[in-house]
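Asker: Take the given structure of chain F and dock chain C to it, following the hints.
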Amino acid sequence: SQTIHQWPATLVQPVGSPLSLECTVEGTSNPNLYWYRQAAGRGLQLLFYSVGIGQISSEVPQNLSASRPQDRQFILSSKKLLLSDSGFYLCAWRSGTGVSNEKLFFGSGTQLSVL
Amino acid sequence: RKEVEQDPGPFNVPEGATVAFNCTYSNSASQSFFWYRQDCRKEPKLLMSVYSSGNEDGRFTAQLNRASQYISLLIRDSKLSDSATYLCVVNRNYSYKLIFGSGTRLLVRP
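Each protein sequence line maps, in turn, to chains F and C.
So the first sequence is residues 1 to 115, counted in our numbering.
So the second sequence is residues 116 to 225, counted in our numbering.
Just so you know, the hints here were simulated from the structure itself, not pulled from any lab data.
Warning: the hint list may mix true and false statements.
As the list claims (entries may be wrong) - Among the chain C residues that face chain F by a calculated CB cut under 7 Å, a handful are:
#1 Glu158
#2 Leu161
#3 Leu213
Quick caveat: nothing in here was measured; it's all calculated off a predicted structure.
The beta-carbon is built from N, C-alpha and C at its ideal position, and this holds for glycine as well.
Bound conformation, chain F alone:
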């Protein structure tokens, strides 16, 4: 069966510090991978998605970047965090078959607080 791992669960970082969040998927190949952010009491905002190694699509201009160095690894990074980067970050995957009704599955999330 497929599983998705995301870490760390919580992170407190000072403004201006770098960020690296990692997500890995097991039990599947060539998944579509996603990074979402959820501000407190708000909906999910799609940040990045990837349909293959090295292929990253950015949804909103921001202080963050993403990379996919391996098929089942997705990394979210920042060189210098801003206060506005605080939020609940969620990695997700779905089958890469291209069928639109494929379901999306989430990692357990990282609560990031930038102080």
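Answerer: Just chain C, lined up with the frame of chain F:
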């Protein structure tokens, strides 16, 4: 106008009540529809897919109305454990992007 809209609630209902949420979508090219449940500070979890013919899973029934561009979720015999935020999700055909609504909060009281 948001592509997917939901009433934020909260819907405050007693145990045993029946409650229904609607979700409207603006893009007629939308092809796939889902309901997710999210508990506070947790990841969203798939509750059910929504098919054209409607589908039922225990106390939960989901329906799609393409003509009016909305989907619905009906919860019968509400339990305290049903308290959560319910997210409506829409996927356009041939798109990698799933669009999430902001969620409807449900509170079930004893």
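Asker: Are the hints correct? Go through all of them and say.
Answerer: Hints versus structure:
Interface restraint check for Glu158 of chain C: the shortest CB-CB distance to chain F comes to about 4 Å, inside 7 Å, so the restraint holds. With its C-beta approaching chain F no nearer than about 5 Å, Leu161 of chain C sits inside the 7 Å limit, and its interface hint holds. Checking Leu213 of chain C against chain F by beta carbon gives a least distance of about 6 Å; that is within 7 Å, so the hint holds.
Violated hints are absent here; each numbered hint is respected by the structure.
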